[in-house]
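S.K.: So the sequence shown is numbered by our numbering: it starts at 6 and just counts up by one.
Calculated directly from the structure, the hints in this document are not laboratory data. Glycine residues also receive a C-beta, built at the ideal position from the N, C-alpha and C atoms. Warning: the hint list may mix true and false statements.
[As the list claims (entries may be wrong)] Simulated pairs of lysine-lysine, DSBU-like, Cα-Cα distance not exceeding 30 Å:
{"no.": "1", "residue 1": "Lys461", "residue 2": "Lys241"}
{"no.": "2", "residue 1": "Lys30", "residue 2": "Lys54"}
{"no.": "3", "residue 1": "Lys220", "residue 2": "Lys241"}
{"no.": "4", "residue 1": "Lys404", "residue 2": "Lys220"}
{"no.": "5", "residue 1": "Lys219", "residue 2": "Lys241"}
{"no.": "6", "residue 1": "Lys176", "residue 2": "Lys30"}
{"no.": "7", "residue 1": "Lys461", "residue 2": "Lys369"}
[Stated by the list, open to error] Computed beta-carbon distance windows for the label pairs:
{"no.": "8", "residue 1": "Gly135", "residue 2": "Asn333", "range": "32 to 40 Å"}
{"no.": "9", "residue 1": "Thr8", "residue 2": "Glu98", "range": "54 to 62 Å"}
{"no.": "10", "residue 1": "Ala91", "residue 2": "Arg43", "range": "31 to 39 Å"}
{"no.": "11", "residue 1": "Glu32", "residue 2": "Ser401", "range": "40 to 48 Å"}
{"no.": "12", "residue 1": "Arg488", "residue 2": "Met93", "range": "38 to 46 Å"}
{"no.": "13", "residue 1": "Gly485", "residue 2": "Gly12", "range": "53 to 61 Å"}
{"no.": "14", "residue 1": "Glu458", "residue 2": "Ser34", "range": "53 to 61 Å"}
{"no.": "15", "residue 1": "Ala305", "residue 2": "Glu76", "range": "50 to 58 Å"}
{"no.": "16", "residue 1": "Thr395", "residue 2": "Gly12", "range": "40 to 48 Å"}
{"no.": "17", "residue 1": "Ser414", "residue 2": "Ala305", "range": "22 to 30 Å"}
{"no.": "18", "residue 1": "Glu246", "residue 2": "Lys369", "range": "31 to 39 Å"}
{"no.": "19", "residue 1": "Ala305", "residue 2": "Gln482", "range": "32 to 40 Å"}
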Amino acid sequence: MHTVVVGTSGTTPEDVIAVARGNAKVELSAEALAALARAREIVDALAAKPEPVYGVSTGFGALASRHISPELRAQLQRNIVRSHAAGMGPRVEREVVRALMFLRLKTVASGHTGVRPSVAQTMADVLNAGITPVVHEYGSLGCSGDLAPLSHCALTLMGEGDAEGPDGVVKPAGELLAAAGIEPVELREKEGLALLNGTDGMLGMLCMAIADLKKLYTSADITAALSLEALLGTDKVLAPELHAIRPHPGQGASAANMLAVLDGSGLTGHFQEEEAPRVQDAYSVRCAPQVNGAGRDTIAYALTVAERELAAAVDNPVVLADGRVESNGNFHGAPVAYVLDFLAIAAADLGSIAERRTDRLLDKNRSHGLPPFLADDAGVDSGLMIAQYTQAALVSEMKRLAVPASADSIPSSAMQEDHVSMGWSAARKLRTSVDNLARIIAVEMYAATRGIELRKGLTPAPASQAAIAAARAAGVQGPGPDRFLAPDLAAADAFVREGRLVAAVETVTGRLA
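With the hints as extra help, turn the sequences into a complete structure.
M.R.: Shown next as structure tokens:
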């Protein structure tokens, strides 16, 4: 565990992961505290003037035309949090809520929101105490920020609502704050609004999806290579000079990974020695670098968008360096929503091509000599027939999840907020898609390693041997009579998801891209 220092210029994807998943401590820099104090002076000066200023001395959204008198402003800030904490449905995962809180603190620390330093410090204290607000699945339209999720977090700062303690037990937030020695905040002008108005939930989920997909794409390069080997395919299509003439970076990286895995294989290159010689391998085998690589390039673009958003101060209104407090539309989630949907499309295609290779391994008419369904005694044994069914069901769901959420919009707030991004929804379905992708890759790995072991008399590549040995040591069993398959598939899933497949291969190949 380490400490993440929050300054005025944003944060990094690595810091988001450290706080969300690694429980890293959070500390406000002296620069951030000074910027917070300067911006608060501007807000206090505006609050003292008789002229209405949006978010400081007015209502919000469609109710912005009402000027709020000074004695009602604290109530106004409390009320916006309470009324906007209107989420429904299942609880959102702890890591997502921690990312959400951390990223809102990141924007607050920029000095563009007008929040007092003491409120920002309380936000950091709640994170450091391991207190996690209860946030629900539904409530964000991805415009005016992730309003309902952020409101549930702000409610915890006020000592209201429910939260999960560091022991995993849900209790009233006030009790958890008291146990941690944290005073609930009394919100003042603009602070309630500033705590709610950001793309933080969808951005946090984007950062985590990128991190997970990077690992899974390397795993997919490995399983594609294992399938090529089990199918006695040719590795000539992976030659660097072929990919250099179509210079997509991801494609070249995937081809290089596959070639490294297959180095020294005694199974490749037999495609013209069979009774029905092949001129070329099927697309799902031959075009793996093109599909995997396109996904890698999509991740690279998504990371660029994430890094820009991580450097942003998203609020409305914002306090500018020259002292102006201006309304804006920077809270609109379109930039983040689009790449969340783009990643879901790429992930679905990766799952689809992996499933096609698995099906080919199981089909005796296309597997070039492997037994039907990789069964021990076909007919008595069903082998991996239903493992492929499960994989196909996961792929089918991923295709449904690839339908863009950001292509939709539904008006709200009496038509004031008449176009929204649906970025939160895009992020939620991407999380499911990433989860499914890990399982799909695991099934391919399970089938491909079994196929390689059934090629008697041929020696697999050293990297393949390392992968198979590590998988078997992890409880992923090899060929044999039918057995209760779900535990094997669960072990394969954990083996891929936890990065152990990549680690095993890299003991031979060195670091893969």
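S.K.: Would the hint linking Lys176 and Lys30 be met if the CA-CA limit is 30 Å?
M.R.: Holds, because 22 Å separates the two Cα atoms, which is no more than 30 Å.
S.K.: The hint says 40 to 48 Å between Glu32 and Ser401; measuring C-beta to C-beta, is that right?
M.R.: holds, 46 Å
S.K.: If you check the beta carbons of Ala91 and Arg43, does the distance land in 31 to 39 Å?
M.R.: holds, 34 Å
S.K.: Are the Cα atoms of Lys30 and Lys54 separated by 30 Å or less?
M.R.: Distance ~39 Å between Lys30 and Lys54 Cα, so the pair is violated.
S.K.: Is the gap between the beta carbons of Gly485 and Gly12 within 53 to 61 Å?
M.R.: Distance hint for Gly485, Gly12 holds at roughly 57 Å.
S.K.: Looking only at beta-carbon atoms, does the pair Arg488, Met93 fall within the given range of 38 to 46 Å?
M.R.: Roughly 43 Å apart at Cβ, these two residues keep to the hinted range, so it holds.
S.K.: In this structure, is the beta-carbon distance linking Ala305 and Gln482 contained in 32 to 40 Å?
M.R.: Hint holds: Cβ distance 37 Å, inside 32 to 40 Å.
S.K.: Look at the Cβ atoms of Ser414 and Ala305 and judge whether their distance stays inside 22 to 30 Å.
M.R.: holds, 28 Å
S.K.: Hint check: Lys220 vs Lys241, CA-CA at most 30 Å. Holds or violated?
M.R.: Within the cut-off at roughly 25 Å; holds.
S.K.: Between Lys461 and Lys241, is the straight-line Cα distance small enough, at 30 Å or below?
M.R.: Holds, at roughly 23 Å.
S.K.: When you check the alpha-carbon spacing of Lys219 and Lys241, does it fall within 30 Å?
M.R.: holds, 25 Å
S.K.: Looking only at beta-carbon atoms, does the pair Thr8, Glu98 fall within the given range of 54 to 62 Å?
M.R.: Since Thr8 and Glu98 have Cβ atoms about 23 Å apart, the given range 54 to 62 Å is violated.
When the structure is compared with the earlier hints, violations turn up for hints 2 and 9 and for no others.
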